[in-house]
Amino acid sequence: MKKIINDPKTVVAESLRGLAVAHADVLRVEDDPAIVVRVDAPVAGKVAVISGGGSGHEPLHGGFVGQGMLAAAVPGAVFTSPTPDAVEAAVKATTGDAGALLIVKNYTGDVLNFETAAELAAAEGLDVRSVVIDDDVAVKDSTYTAGRRGVGGTVLLEKITGAAADRGDPLDAVEALARKVIGQVRSIGVALTAPTVPHAGEPSFDLADDEIEFGIGIHGEPGIARTPALSADELVARMVEALVTDLPFGEGDKVLLFTNSMGGTPLVELYLAHGIAERLLAERGIVVERRLVGPYITSLEMQGMSLTLLKLDDELTELWDAPVNTPALRWGV
Amino acid sequence: MKKIINDPKTVVAESLRGLAVAHADVLRVEDDPAIVVRVDAPVAGKVAVISGGGSGHEPLHGGFVGQGMLAAAVPGAVFTSPTPDAVEAAVKATTGDAGALLIVKNYTGDVLNFETAAELAAAEGLDVRSVVIDDDVAVKDSTYTAGRRGVGGTVLLEKITGAAADRGDPLDAVEALARKVIGQVRSIGVALTAPTVPHAGEPSFDLADDEIEFGIGIHGEPGIARTPALSADELVARMVEALVTDLPFGEGDKVLLFTNSMGGTPLVELYLAHGIAERLLAERGIVVERRLVGPYITSLEMQGMSLTLLKLDDELTELWDAPVNTPALRWGV
Amino acid sequence: MACTAETLAAALRAAAAVIAGHRGELIDLDRAIGDADHGENMDRGFAAIVSALDALAPKTPETPAAVMKLAATTLISKVGGAAGPLYGTAFLRASVKLGDAAEVDGPLLVEALRAALEGVQARGKAVGGDATMVDALIPAVSAAEEAAGSDIAAILTAAADAADKGAESTVDLVPRKGRASYLGERAKGHLDPGARSTALVLRAFAEAAR
Amino acid sequence: MACTAETLAAALRAAAAVIAGHRGELIDLDRAIGDADHGENMDRGFAAIVSALDALAPKTPETPAAVMKLAATTLISKVGGAAGPLYGTAFLRASVKLGDAAEVDGPLLVEALRAALEGVQARGKAVGGDATMVDALIPAVSAAEEAAGSDIAAILTAAADAADKGAESTVDLVPRKGRASYLGERAKGHLDPGARSTALVLRAFAEAAR
Ligand SMILES: Nc1ncnc2c1ncn2[C@@H]1O[C@H](COP(=O)(O)OP(=O)(O)O)[C@@H](O)[C@H]1O
Ligand SMILES: Nc1ncnc2c1ncn2[C@@H]1O[C@H](COP(=O)(O)OP(=O)(O)O)[C@@H](O)[C@H]1O
Ligand SMILES: [Mg+2]
Ligand SMILES: [Mg+2]
Ligand SMILES: [Mg+2]
Ligand SMILES: [Mg+2]
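Chains as they are written, first to last, in our numbering: chain A, 1 to 333; chain B, 1 to 333; chain C, 1 to 210; chain D, 1 to 210.
Quick caveat, the hints were computed from the structure, so don't treat them as lab data. Keep in mind that this is a model prediction, so the values were computed, not measured. A portion of the hints provided could be inaccurate.
Straight-line C-alpha distance at most 27 Å; calculated BS3-like pairs for lysine-lysine [unchecked claim]:
id: 1; chain 1: A; residue 1: 140; chain 2: A; residue 2: 92
id: 2; chain 1: C; residue 1: 188; chain 2: A; residue 2: 92
id: 3; chain 1: D; residue 1: 188; chain 2: B; residue 2: 92
id: 4; chain 1: D; residue 1: 69; chain 2: B; residue 2: 140
id: 5; chain 1: B; residue 1: 311; chain 2: B; residue 2: 180
id: 6; chain 1: C; residue 1: 69; chain 2: A; residue 2: 140
id: 7; chain 1: A; residue 1: 254; chain 2: A; residue 2: 180
Excised from the complex, chain A in its bound form (with noise of 0.2 Å):
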């Protein structure tokens, strides 16, 4: 294993120690538990909207945080969500009156921590609701599974609800709208190359140089099947098929693109990919009204690349567009 590091057991308090210097201005950390909170953290009158996980999928979500976005972000060790007291503090630092929403990656470890956090929180006269996003169609359904991961559409659920309750909108009505988003957001990811997690110093599985995972999810776990290697246009299709049969979007869809790097994969793949999955969806007749590009949920230096879709409408557009002001995402500031 090589790493920029010092320590697997410190790498996450080193990181947040340069994100939170790198973005004074934005964000700032607080320590054991370790917390990444807005700056101006309790704005009065507005929703916190906080989430939190496992690190390693950088930027989210620390790099998330600021106006338009989270309130704060509750980062546990590598693929380890975190403890219920950092999440319960991690709502103290940001809630007021309006109350909090928790956004949940359907992970059985980060739902029973944010269940404990909620109830902490609760106990403390604190209004916190809780959503949990689970958007990967590659998994099966709950009765088999611990249901749906949450993946890609996180990163779209964390900036809509937050743009909603930057505009005052209260904690029902935000909510309802991350229900909502939930309801119409899907992604499937695949990986060429497995993560190294710091502390278990090897690749979390092993791959041919001709085979790749299709279906993985963020955290180097195996995908659901192994393929040999296919080329971008047979890749591509492959994942697009997997995501608008399953909601489905159809003809004449509005939907939001966002095209995933997993971390190692370069942007000019990620673009090419890009590409190919805009010129698919023209064929259905499905019309991308806004995309994202870029590596905003990785799973450390996987290569590997995930796509989303989430169904767009005017309200969910101009939630969309409203301004941002964090590390990872910045417009109209």
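Dock chains B, C and D with the ligands against chain A, hints included.
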């Protein structure tokens, strides 16, 4: 080799198609020769700042086309400088009476091709100036080499001259500004892994699992020294030492610190390294007033990082802060 | 020999040592079908229990229940992931069951084990056969109940033996809870890391009780 | 046999085939001390020359100079990198030297080769010993000058032989121009890719002239 591509020969063209459709509000792509042009070019009365070079360094340069930065970018094949006719096409598409500044990274190929293009454009009556950026302190002086390479400083140079052009500075002033920036910016890079050029199909060099390349460029060429892997603290200390002793940067200097990922290094590591660099600079009394952290000038999927230091004054800081609206850098708009 | 607060604390320290020794193994098990953190998570949690006990030393919390509660809250606040809340709940429920007893005897131990299992199932919703730590715990609790008349060491040894077998049984199962469930059939042939760590903790307790 | 526009065009097609056949080798040479693109660049350029000739077929540009100029402009607009301008300049200077001759004889060929070398040096500022294509060209031109009285095939064969040796000599040099110069001493022991491609092109011309 595993990549999300169809054919090594069409990688750049297909990738540009994706870039164009993803950012149609900001730029357009012209084919044959391939160039990336501001959507509103030529902008009357304003100097066109133009750059280009081999592809594989994305978001450089295409991702920096837009208001407040580049008027056009000229992408060559992967790691191959573009040809003079492509550069000339970019000049013609964007240059009016105010003239154009060509930002050339110091590589033999870039210098020769841009030189020819500048002559061709001059022959058409256009006022075209060139500056050559050579900020890489890893390279020995030019009696023994092709001269220092142009690396991370290029991003800062493009932003700052683009801002000057945007506010209406005349060509003489933009050119002088460029030379000033070049005079006070320095970079150093390291690699943990090698990139794989699509048409080569194999990693550009072999590194053992406990070795790194110190003093690397952005084209997969080996560095100045192969050393055993170092802790982040040691590695960043060596990099900072190489930078500050070169210009030199000293106590009381105000600087912009740019911590750049070579592509495959995840943000969690990059912020960790950034935090260390900030601390080491603070210990030397060097004042970091602005920072940029992320993958902005890359070498395909290579793992590694570079540090760039630019000495700031009020003018440079103001130009850095000025509005920019490009795919990869966006603020103030 | 009955179990006092001191002996329980010693057992927890022993478990921490065992988990530390198996950190790499648990990471590798989780790497195959999960996200490669279970060994790190458990080690962080149990090391934190030792630190928490050290911080009180030379004192020990007064009752076995208080020791268990300290362990539970430490696990909840230090482990994270799925294992943190599940182990934390198990320890918390056991601690509640122990009440204010100054010593834990066989029958109380068995009740506490049953409470722990119920806690894990209430929280994680896994049933036997889902290829989780529950597959180690269910047979462990049954074996303990059968041995309820014996002394604590014998009860824990029976539980640990059964947990070992139960953990082994996960190799042939298709996981339906937790991260391994995403793999479906592909997870077959792999030992569940949480079941393994459960067996390791019970074994450490059994050894400590001798 | 003297060289007409047709035979020159045929020689260029032959060179394109040779370069295509050595594409991988040139990439590997450049991978070791550069950026792994020289074979791709040369192949793209020479393939484009063939396309340009095909586009005119069955006609050929009228004079050898016109053929050379077509090749030069094609290389300049298709190769890029360092090799594009350098090869392009070499071909362009050679074409200028060929003037409006309908056939190229030995002495004119030698003058054209000398002009090509001077063009490369004017553009790239490399001298002998810098470990570049110049180290293949200098001995090639000298050998051609010595053989100036012979026929074209003999002159080109002498040049190609010398270019081979000159290219080989780069193995022991520390590069001082181009990308390989960044490596300093580390580049020692490696053949310069541009010197190798220069020798290959000259050999292809020599073979075609037989
Ligand atoms: N719903 C559940 N019920 C019981 N045990 C579970 C459940 N989900 C996961 N587990 C257990 O947790 C273990 C994984 O723990 P760990 O790796 O620390 O957390 P994570 O899966 O969040 O990375 C699994 O091996 C399994 O035994
Ligand atoms: N200044 C120079 N003068 C002569 N030849 C040079 C010079 N710089 C580079 N070369 C030649 O160009 C070759 C590299 O060409 P190529 O790989 O296509 O371009 P690049 O170096 O831009 O990637 C080198 O092997 C060398 O022979
Ligand atoms: Mg985990
Ligand atoms: Mg090149
Ligand atoms: Mg795990
Ligand atoms: Mg090259």
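A quick look at each hint next to the structure:
1. For the hint pairing residue 140/A with residue 92/A, the CA-to-CA distance comes to about 36 Å; that exceeds 27 Å, so the pair is violated.
2. Restraint check for residue 188/C and residue 92/A: the C-alpha separation of about 43 Å exceeds 27 Å, so the hint is violated.
3. Distance check on the hinted pair: residue 188/D and residue 92/B sit about 43 Å apart at the alpha-carbon level, beyond 27 Å; violated.
4. A distance of roughly 37 Å separates the Cα atoms of residue 69/D and residue 140/B; the hinted pair therefore is violated under the 27 Å criterion.
5. Only pairs whose Cα atoms come within 27 Å are accepted, and residue 311/B paired with residue 180/B is accepted, the gap being roughly 10 Å.
6. With a C-alpha separation of about 37 Å, the suggested pairing of residue 69/C with residue 140/A is violated against the 27 Å cut-off.
7. Of the pairs offered as hints, the one joining residue 254/A and residue 180/A holds, with about 15 Å between alpha carbons and a cut-off of 27 Å not exceeded.
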